[in-house]
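A.B. asks: Going line by line, the protein sequences match chains A and B. Positions 1 to 104 (the numbering used here) are the ones given, in order, by the first sequence. Positions 1 to 295 (the numbering used here) are the ones given, in order, by the second sequence.
There may be inaccurate statements among the hints.
Derived Cβ-Cβ restraints for the label pairs, each shown as a range [to be verified]:
#: 1; chain 1: B; residue 1: Gly-235; chain 2: A; residue 2: Pro-43; range: 55 to 65 Å
#: 2; chain 1: A; residue 1: Arg-89; chain 2: B; residue 2: Gly-101; range: 54 to 64 Å
#: 3; chain 1: B; residue 1: Pro-83; chain 2: A; residue 2: Ala-80; range: 21 to 31 Å
#: 4; chain 1: B; residue 1: Pro-34; chain 2: A; residue 2: Thr-65; range: 17 to 27 Å
#: 5; chain 1: A; residue 1: Ala-87; chain 2: B; residue 2: Leu-30; range: 30 to 40 Å
#: 6; chain 1: B; residue 1: Trp-165; chain 2: A; residue 2: Ala-80; range: 43 to 53 Å
#: 7; chain 1: B; residue 1: Gly-235; chain 2: A; residue 2: Glu-91; range: 42 to 52 Å
#: 8; chain 1: B; residue 1: Val-184; chain 2: A; residue 2: Gly-38; range: 30 to 40 Å
#: 9; chain 1: A; residue 1: Ala-63; chain 2: B; residue 2: Gly-235; range: 52 to 62 Å
#: 10; chain 1: B; residue 1: Leu-218; chain 2: A; residue 2: Pro-43; range: 41 to 51 Å
#: 11; chain 1: B; residue 1: Ala-219; chain 2: A; residue 2: Pro-43; range: 33 to 43 Å
#: 12; chain 1: A; residue 1: Leu-103; chain 2: B; residue 2: Arg-222; range: 45 to 55 Å
#: 13; chain 1: A; residue 1: Arg-83; chain 2: B; residue 2: Arg-222; range: 38 to 48 Å
Everything labelled a hint here was simulated from the structure, so no lab data went into it. Note that this is a predicted model, so its numbers are computed, not measured. All C-beta atoms, glycine included, are put in the ideal place defined by N, C-alpha and C.
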Amino acid sequence: MAGDALKGHLDSLILAVLAAGPLHGYAAIEELKRRSAGTFDLPEGTVYPALHRLERAGLLDSAWTQAEGRRRRVYRLTRAGRRELAARRREWRGFARAVEAVLA
Amino acid sequence: MIDELGRELTARGVDRRRRERILDEIADHLACDPDADLGEPRALAAQFADELAASAARRAAWTAFAALTLVAAALLATQAALPAVPDIASGRSVVLAAVAGLCVFAGAQVAFVAGSLAALRALRLRREPALAAAEVALLRRRTAVALGAGAATAAGIAIYALNFWDQVPRWWSLLSVVLAAAAVAPLAAAALAHARAGALAVSVEGQAGGFAADLGPLARPRAIGVAAVAAMLVGASLAERSLVEGVERAAVEAIAFTAGYLALGRPLGLSSDPTGSPRPGAASPSARSPRRRPG
Numbered sequence: 001m002a003g004d005a006l007k008g009h010l011d012s013l014i015l016a017v018l019a020a021g022p023l024h025g026y027a028a029i030e031e032l033k034r035r036s037a038g039t040f041d042l043p044e045g046t047v048y049p050a051l052h053r054l055e056r057a058g059l060l061d062s063a064w065t066q067a068e069g070r071r072r073r074v075y076r077l078t079r080a081g082r083r084e085l086a087a088r089r090r091e092w093r094g095f096a097r098a099v100e101a102v103l104a
Numbered sequence: 001m002i003d004e005l006g007r008e009l010t011a012r013g014v015d016r017r018r019r020e021r022i023l024d025e026i027a028d029h030l031a032c033d034p035d036a037d038l039g040e041p042r043a044l045a046a047q048f049a050d051e052l053a054a055s056a057a058r059r060a061a062w063t064a065f066a067a068l069t070l071v072a073a074a075l076l077a078t079q080a081a082l083p084a085v086p087d088i089a090s091g092r093s094v095v096l097a098a099v100a101g102l103c104v105f106a107g108a109q110v111a112f113v114a115g116s117l118a119a120l121r122a123l124r125l126r127r128e129p130a131l132a133a134a135e136v137a138l139l140r141r142r143t144a145v146a147l148g149a150g151a152a153t154a155a156g157i158a159i160y161a162l163n164f165w166d167q168v169p170r171w172w173s174l175l176s177v178v179l180a181a182a183a184v185a186p187l188a189a190a191a192l193a194h195a196r197a198g199a200l201a202v203s204v205e206g207q208a209g210g211f212a213a214d215l216g217p218l219a220r221p222r223a224i225g226v227a228a229v230a231a232m233l234v235g236a237s238l239a240e241r242s243l244v245e246g247v248e249r250a251a252v253e254a255i256a257f258t259a260g261y262l263a264l265g266r267p268l269g270l271s272s273d274p275t276g277s278p279r280p281g282a283a284s285p286s287a288r289s290p291r292r293r294p295g
């Protein structure tokens, strides 16, 4: 999928991926690829600014853990993040229905 | 990759703590997949800096607005509690009295206008991940002017109380000095947030929205000036029960508004500015997919 088309939805996709449970950056990206069957193969670096931005907005929080002797930042959805994800899902479903109705 | 990214983040003003966190996260990512496509270090650092600058500038504007609310509360409390206005010549110094009066009269109005405009712009752009460099600069100018004027107002309150220490009740002087001093901490916190936003280099090209981006069809400085002068005329005439007093104060307001507009109109983005003011009703240029400058 073209990067530009994905850009507007990246935050929603990250929130959705983290809804299943806490993940570190690499795992979140891998999960994004897995769920989209490789369609969302974006430059992986762009996910980190989005994770930081979502955390600043209070939709995620994060903490350091240790993994194989390295520091690893693990992100999880906050309560506000869950509410935001639910709102974005509703918005997306309405939009997708409308597009489908026109295209079909 | 890590070293180059570290250099780029430093060059763009990302602070040490944030930088170390980013580098540790990227190092962990590369340890998981040494062939990962993380993009160019320069572009990644620019994206971090741009987004951090946007959120820092917005936060500074809101912090400044909150601090100015406290200054306004201090000003209103002291003005409401003052039993009688002393004669200007009865204080320790007429010059000090004039300076205090100017600081309070002009400072409060400039702080209100600049602080409100900064907060309004920050609110309107709250969902933008990154802002054009010109937009960040305008937000920061508005915040800086608001903070400077707010500090002048707080100083004016304290100077006034000290100048008329023996002419007004002691409790009032103490109250004024304490409230003015209490306003310093939130103003300093806002100034710190403002300085943090300024440390970051923004690479996003594009123009800042003009006054119309703040108030739409109401963005008519002359009409606002006329309304302010008329409000002063009516308000002062009624409060002082004297049309002459009302006219005098309205004249002072007209001079202050004109001087303020001439001096601060362009830096605050009120007049047709070099950053490119859109016509009323037009979308903000910053909302029209700003682009990052190469390098």
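A.B. asks: For every hint, state whether the structure bears it out.
C.D. replies: Now the hints, each set against the structure:
Range check, Gly-235 (chain B) to Pro-43 (chain A): about 59 Å between beta-carbon atoms, so the 55 to 65 Å window is met. Range check, Arg-89 (chain A) to Gly-101 (chain B): Cβ separation about 58 Å, and the 54 to 64 Å hint holds. A beta carbon spacing of about 49 Å between Pro-83 (chain B) and Ala-80 (chain A) contradicts the range 21 to 31 Å that was offered as a hint. Checked against the hint of 17 to 27 Å, the C-beta distance between Pro-34 (chain B) and Thr-65 (chain A) comes to roughly 21 Å, which is consistent with it.
Judged by the Cβ atoms, the range 30 to 40 Å given for Ala-87 (chain A) and Leu-30 (chain B) holds: they are separated by roughly 35 Å. Between Trp-165 (chain B) and Ala-80 (chain A) the beta carbons are some 50 Å apart, a value that agrees with the proposed interval 43 to 53 Å. Checked against the hint of 42 to 52 Å, the pair Gly-235 (chain B) and Glu-91 (chain A) passes, with Cβ atoms roughly 46 Å apart. Against the hinted window of 30 to 40 Å, the Cβ-Cβ separation of Val-184 (chain B) and Gly-38 (chain A) comes to about 57 Å, which falls outside the hint.
In this structure the supplied range 52 to 62 Å holds for Ala-63 (chain A) paired with Gly-235 (chain B), their Cβ-Cβ distance being about 55 Å. For Leu-218 (chain B) and Pro-43 (chain A), the Cβ-Cβ distance of about 43 Å falls inside the hinted range of 41 to 51 Å, so the restraint holds. Checked against the given bound of 33 to 43 Å, the beta carbons of Ala-219 (chain B) and Pro-43 (chain A), roughly 40 Å apart, stay inside it. Between Leu-103 (chain A) and Arg-222 (chain B) the beta carbon distance is about 50 Å. The supplied range of 45 to 55 Å therefore holds.
Range check, Arg-83 (chain A) to Arg-222 (chain B): Cβ separation about 44 Å, and the 38 to 48 Å hint holds.
Hint compliance for this structure: hints 3, 8 are broken, all remaining hints hold.
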